[in-house]
Every structure is written in structure tokens, then in C-alpha cells.
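Given the coordinates of chain G, work out where chain D should sit on it, guided by the hints.
These protein sequence lines are chains G and D, in that order.
Just so we're aligned, residue 1 is where the first sequence starts under my numbering, counting upward by one.
Just so we're aligned, residue 1 is where the second sequence starts under my numbering, counting upward by one.
Think of the hints as simulated: they come from the structure by calculation, not from any bench.
Values in this document were obtained by computation on a predicted structure and should not be read as measured data.
The C-beta atom is built at its ideal place from N, Cα and C for all residues, glycine as well.
Each statement offered as a hint is correct.
Taking lysine-lysine and the DSS-like style, the derived pairs with C-alpha atoms no more than 27 Å apart in a straight line are:
no., chain 1, residue 1, chain 2, residue 2
1, D, K131, D, K75
2, G, K216, G, K193
3, D, K192, D, K131
4, D, K116, G, K118
5, D, K116, G, K216
6, D, K116, G, K193
7, D, K106, D, K75
8, D, K2, D, K75
9, G, K118, D, K106
10, D, K116, G, K159
Which residues of chain G face chain D? A few of them, derived with a C-beta cut under 7 Å, are:
no., residue
11, S74
12, L93
13, G96
14, A122
15, Q123
16, C124
17, G167
18, D196
19, R251
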Amino acid sequence: MLKIRVIPTLLWKDFGLVKGVGFDSWRRVGPVLPAIKVYNSRDVDELFLVDITASIEDNQPDHDSVSDFSEECSVPFTVGGGITNLQQIVSLLHAGADKVAINTAAYANPDLVEAAAKRFGAQCVVVSIDAKRHADGSYGCYSLAATVDTAKTPVEWAKEMAGRGAGEILLTSIDRDGTMLGYDLELVEQVTKAVDIPVIASGGAGNYAHMIDVVKNAGASAVAAASIFHFTEQTPAGAKNAMQEAGIPVRRNFVSSAAK
Amino acid sequence: MKIAVVNYGMGNLASVRRAFEDIGAEVTVANHPAALYDANRIVLPGVGAFTEGMECLTGSGWASALHEVVIQQGKPLLGICLGMQMLATSGHEGGETNGLGFIPGKVRRLDAIGCKLRIPHVGWNDVSYRKADVLFDGIPDLSDFYFVHSFAFVPESQEHLIATTSYDCDVTAVVRSGNVFGCQCHPEKSSKAGRQLLRNFMNYVPC
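Okay, chain G solo, but in the shape it has when bound (with noise of 0.2 Å):
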């Protein structure tokens, strides 16, 4: 059976990590090498890796740093920040990511998200999706480090990535986003209910029993968290015995005195 994966997501600013609050306020969280060396060495599902000034300053994904932390990383790594082109993309495979997250080129772009996914598969393509509520209770999509309002919802726009070959979606509420007040439950429900492809929910976590909700009543394929990772006791490994107890069938920690 398919497991629900609990990924933490390290967000990259300048030299080292943050999290911030509705994607502001940022607060320095501490060097990415270390962080990366923790998660691996406690058996994460996945780690998601994403620089959240690429886009706006119009940087190039860091290849080499990359190169480094991937390094350090034994589970899948997902890489995100600045992406525009398909030679982007096979700079950062071969730097040792194993997925790549793009979010504000597939709105100018979206042949771009095709062409990846003809070139590299479809599973190697996350569609990250940042999206707000307006005050009729109606969403929108929001590039640029939400910055941009794009016109788009949310549900149209996940239905058209996953038409042109998104293999996954990563749907960040940017309301939520470092409140710890649990995910937006009907974002991620609208968004599971329209796409076939998995959904990753994003924004919010403040505790376990939000990670079990988000699974068991808006259909997520997977929890993204970060600040109940930085910020409090709980961890990821507390996060699967949890939701295991709420009936979620999560990743067994591997057993075997052969191996080292």
C-alpha cells in the first residue's frame, strides 16, 4: 500500500534558511547543510528544497550548492527556485536533485512544464501552486513569492498542469503559511477533487492532528511542513506515529541487522 509521506520543505533565502509568516517576516532558521544532514540521518520520506528569492531577484538555481546538499541526501529531493528553462532542469538533475518544483515560470511559460515532463517524465515534474483566499471566499493563484496575483484559481490551474503533464501538484496556502492554524481543508479538497495527479498540502501545519485531517478529509497524498519542524518539539518521525495510530498507512522505518 502507497504510504503518506510526511516531507518537511526547507525554504533557501541568501545563505541559509528561513520561515517566515503568509510568506513575509522571514525568520533565519539556521545553515541548509545541517538541516539536510538531520533529515537524512532521521529517514525523511522526501525533503523539498526551495529558493524563495530566485525568482524575484532573477537568479539561476544554484547548481552547485545543490550539488552539496544533495550529497547529504539519501531520500528523494525535490529542488525548486528560479526555474525557467529545460538546461535549468538537467543542471539540477545532474547536481543529485531528483525532482524539480516550478512555480512562477509555468504561468508566462506553461509549454514549459510540457516540455519537461516529455523530456524528464512526468514524475520528475512538481507544479508548486501558491494560492489565497479572497474575500468572496473564491482563490487565486499567486506567483513571484506571492507577489502576483496571476487571475487563475486554483482548481482551473492544477486541472491545466496536470493536462500538460505536471506529475505532481505542491498547493501551498500562502493565508496559512507559518501560522501553525492547521491547512486550508477546502483549498486542498477543491484541488485533490479535481486533479487525478497526487497533492501535496502545504501551509499551515501546526500540529499532528493537522496533518491527519488534511489526509483523511481533503484527500492529500502527502503533508509538507515547516515551522512545527522548526519552531516546535514535534517532528516528523512523531508526525507518522500519529497519523499510523489515526489509521494512516505511513513509511515503516527499515530493520534489518545486515544493513549498515
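What follows is chain D alone, placed relative to chain G:
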């Protein structure tokens, strides 16, 4: 032990190379088919589409070199993900494309073999053994491995089916025919269980 990782332009080479280095293997990234002749073990990695993958393998002489060193000389080969699927006789992805034909079988989209769940099949799934195999030494049955794929290998004969995973239907996880091994899952990204599988492949001695 020299392991050559085939660089035909479509693999997640860095992850595969590092995983083998991690377990103490001497790894070379083979950029040309000639490099296969110096190696003791060959790894065919791969992410991407079957048709494009086969075009890359046949277009630059990889397919014939692989046939010579693996089928004629008997060097152990491990195909991973797309690299495993291309071991099949044919793939069905926008028409039928011939594979390497090392293990009889076809590659079909998951929904064509009865899977009604979300595609791609992404994440950790437990691998269930159909028969004992050297590749699983020291790895408990039903250990979780990382999968990420939309197509699956359907072997012609059960004799080549070593392990399966369940995703609405039985999905081939590992195939083997003599010295030719293939994993749908990604051992290079499957943490400790994956490292052990790669170690077993490295330590396997064909008789």
C-alpha cells in the same frame, strides 16, 4: 569492483553514482559505450519517457554494446525505473516501441493494467517478494521503497517476476533474468533498504 553507470542523457546520474560510492563501490559514469567493457557491473538508470530513452540507447551504440557485455559476456546489469522498463521487449507509450529485449515483457501505463488510483504512483510503497532472491538479502519482506512512475513492466513469464508492490493492482517492483536485474523502485533514493539492495547487487557473483 568497478561499476559503470550508463550516461545516455536521461538518468538521475548523480543520485545513482553517490549511492554506490556510499557503499564503497568504484563508480564510473560511462559517457561512451566503450567504457562498459572495463566495468564489472553495469547500472542503467533512467527517468523519462520510454521512446526517448530507447532513441538515446540505440542512436549512440549503447544498445548493441549492452547486448554484447550483458547478454554475451554475462556481466551483471541493474536497470532502475526507466532503465528497468527498457529491459522489456516493448513499451506502449504513444505507439509501440521496441525495448532492449533482455527480459520478455511489455511496459504498460498503470491505468491500462487496472490501476484506478492517482497516476503517477509516487511515494514509498512496500515491496512483497514473489521468490527469494539475492537482491533482497538482509532486507525484510514488505520493506518500503520509493517509487515514482506512470508505467509498469508486465513480464511475459512469472518466472522473471521477483517482487511486486500493490497500487490498486499488483505492480512489478523487481524483475530478474539470470544476470539481468531490474527495479521499478529507486534503490538509490530508498534510504537504508535501498543501500542494502545496491550492496547485494554489487556483491552478487554470477555462476
